[in-house]
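Chemist: Protein chains in written order, with our numbering: chain A, 18 to 217; chain B, 18 to 217.
It is worth saying that the hints were derived from the structure and are not from the lab. Each hint should be verified, as a subset may be incorrect.
Since the list can't tell identical chains apart, any single copy or any two copies may satisfy a pair.
[To be verified] Here are the simulated DSS-like pairs of lysine-lysine, each with C-alpha atoms no more than 30 Å apart in a straight line:
#1 K23 / K185
#2 K41 / K73
#3 K156 / K41
#4 K73 / K23
#5 K185 / K94
#6 K63 / K185
#7 K178 / K23
The chain contents come next:
There are 2 protein chains.
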Amino acid sequence: MAYSSKLIEQAITEVSKLPGIGKKSALRIVLHLLRQDPIETNLLAKGLEDLRENIKYCTVCYNISDDEVCGICSSHKRDDALICVVEDIRDVMAIENTEQYFGRYHVLGGIISPIDGIGPDELNIEALVRRVEENSDIKEIIVALPSTMEGDTTAFYLTKKLQDFDVKITGIARGVPVGSELEYTDEVTLGRSILNRTQL
Amino acid sequence: MAYSSKLIEQAITEVSKLPGIGKKSALRIVLHLLRQDPIETNLLAKGLEDLRENIKYCTVCYNISDDEVCGICSSHKRDDALICVVEDIRDVMAIENTEQYFGRYHVLGGIISPIDGIGPDELNIEALVRRVEENSDIKEIIVALPSTMEGDTTAFYLTKKLQDFDVKITGIARGVPVGSELEYTDEVTLGRSILNRTQL
Numbered sequence: 018m019a020y021s022s023k024l025i026e027q028a029i030t031e032v033s034k035l036p037g038i039g040k041k042s043a044l045r046i047v048l049h050l051l052r053q054d055p056i057e058t059n060l061l062a063k064g065l066e067d068l069r070e071n072i073k074y075c076t077v078c079y080n081i082s083d084d085e086v087c088g089i090c091s092s093h094k095r096d097d098a099l100i101c102v103v104e105d106i107r108d109v110m111a112i113e114n115t116e117q118y119f120g121r122y123h124v125l126g127g128i129i130s131p132i133d134g135i136g137p138d139e140l141n142i143e144a145l146v147r148r149v150e151e152n153s154d155i156k157e158i159i160v161a162l163p164s165t166m167e168g169d170t171t172a173f174y175l176t177k178k179l180q181d182f183d184v185k186i187t188g189i190a191r192g193v194p195v196g197s198e199l200e201y202t203d204e205v206t207l208g209r210s211i212l213n214r215t216q217l
Numbered sequence: 018m019a020y021s022s023k024l025i026e027q028a029i030t031e032v033s034k035l036p037g038i039g040k041k042s043a044l045r046i047v048l049h050l051l052r053q054d055p056i057e058t059n060l061l062a063k064g065l066e067d068l069r070e071n072i073k074y075c076t077v078c079y080n081i082s083d084d085e086v087c088g089i090c091s092s093h094k095r096d097d098a099l100i101c102v103v104e105d106i107r108d109v110m111a112i113e114n115t116e117q118y119f120g121r122y123h124v125l126g127g128i129i130s131p132i133d134g135i136g137p138d139e140l141n142i143e144a145l146v147r148r149v150e151e152n153s154d155i156k157e158i159i160v161a162l163p164s165t166m167e168g169d170t171t172a173f174y175l176t177k178k179l180q181d182f183d184v185k186i187t188g189i190a191r192g193v194p195v196g197s198e199l200e201y202t203d204e205v206t207l208g209r210s211i212l213n214r215t216q217l
């Protein structure tokens, strides 16, 4: 594509580096910004730079936070006995949206994935072990990782690491999603949902 | 969605204002930036701000440009006799990509659309009339506007405005796209393609 301006070319190159945005969408976004008030572009640019410069990670659970300790970790209303281990902050948001969980979190910052060169040392696993070690209030670790080979490997590694502590290690239930038809559920999920059936 | 940080909330709000990007994609983009080097975010923010602050519109054809007069208008290799009238700069890029057109352009900056409150005065139509008036080299105006009610209205308005000048006014050919099946082409297009058949 030939652009009549170096400035637009540069802007499109940068925007198209974002995930899920190709050259065409980038062009559309850039032209949209050109039609808007310049203040809109300033707000966007400032918002992103502010975020990148000032964002902090909670020193306890590694959730993103505006302060040293995030709102969930500093809240007195949450249950100290429960820690839910998740892959990234998106999962924290997803679980918070359920309004069904009132414990604390621990964000690993990824899962063990040799293919992507991510080993246990790249993740916040040591911090979790230390947290359990130093805090006798913790009674249960809920492993809420994706049900993939990498997720299962990470869960297994965590179980090994935490086996010497007096904490229960649990995993979230796998089964047929609410509102789903049985016939369209894959066999593994359906099989698990029968194995882990609950009393009604 | 509850965010644990005001900074991330603000960044997501700004990103989700962009066309084609919802809250979920915005979150994905923002988390992507957080994983990258801060320099990436700086480049993006700077690219957009630079563009918005320094972009110019060609004073002749209203294409975007880094200078007062764009590369196409200042080129000696283009045919002065031809002006192709388009809706916006995306159309200039599309036509340039064909490498089949060697005349000049005129970007209207939109089309007449009473529903969106865009009348002839909001568009660069007067400038086109002046261009034709002042430049006797111009022999043909090719109207390359979308084949919609708004496009046709604008084309009709342009024809009226330019009828007193000694220029030929033409429209781009409408017909069955190259590589398309006849049976899947709508009747209006197919009908036009028969009416405007060409000698082989």
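Chemist: Is the C-alpha distance from K23 to K185 at most 30 Å within one copy, between copies, in both cases, or in neither?
Modeler: neither (59 Å within a copy, 34 Å between copies)
Chemist: Tell me, please, which holds for K63 and K185 at an alpha-carbon limit of 30 Å: within, between, both or neither?
Modeler: neither (45 Å within a copy, 50 Å between copies)
Chemist: My question is about K41 and K73: at a cut-off of 30 Å on alpha-carbon distance, are they close within one copy, between copies, both, or neither?
Modeler: The answer is between: 21 Å across copies meets 30 Å, while 34 Å in one copy does not.
Chemist: One pair to classify: K156 and K41, alpha carbons no more than 30 Å apart. Within, between, both, or neither?
Modeler: neither (52 Å within a copy, 34 Å between copies)
Chemist: Measure nothing new, just compare the shortest in-copy and cross-copy C-alpha distances for K178 and K23 to 30 Å and report within, between, both or neither.
Modeler: neither (54 Å within a copy, 35 Å between copies)
Chemist: Between the shortest in-copy and the shortest cross-copy C-alpha distance, which are at most 30 Å for K73 and K23: within, between, both, or neither?
Modeler: between (35 Å within a copy, 11 Å between copies)
Chemist: At most 30 Å between C-alpha atoms: does K185 with K94 qualify within a copy, between copies, both, or neither?
Modeler: Answer is within: at 22 Å inside a copy they meet the 30 Å cutoff, but 77 Å across does not.
In summary, the structure is inconsistent with hints 1, 3, 6, 7 from the numbered list given earlier, while agreeing with the others.
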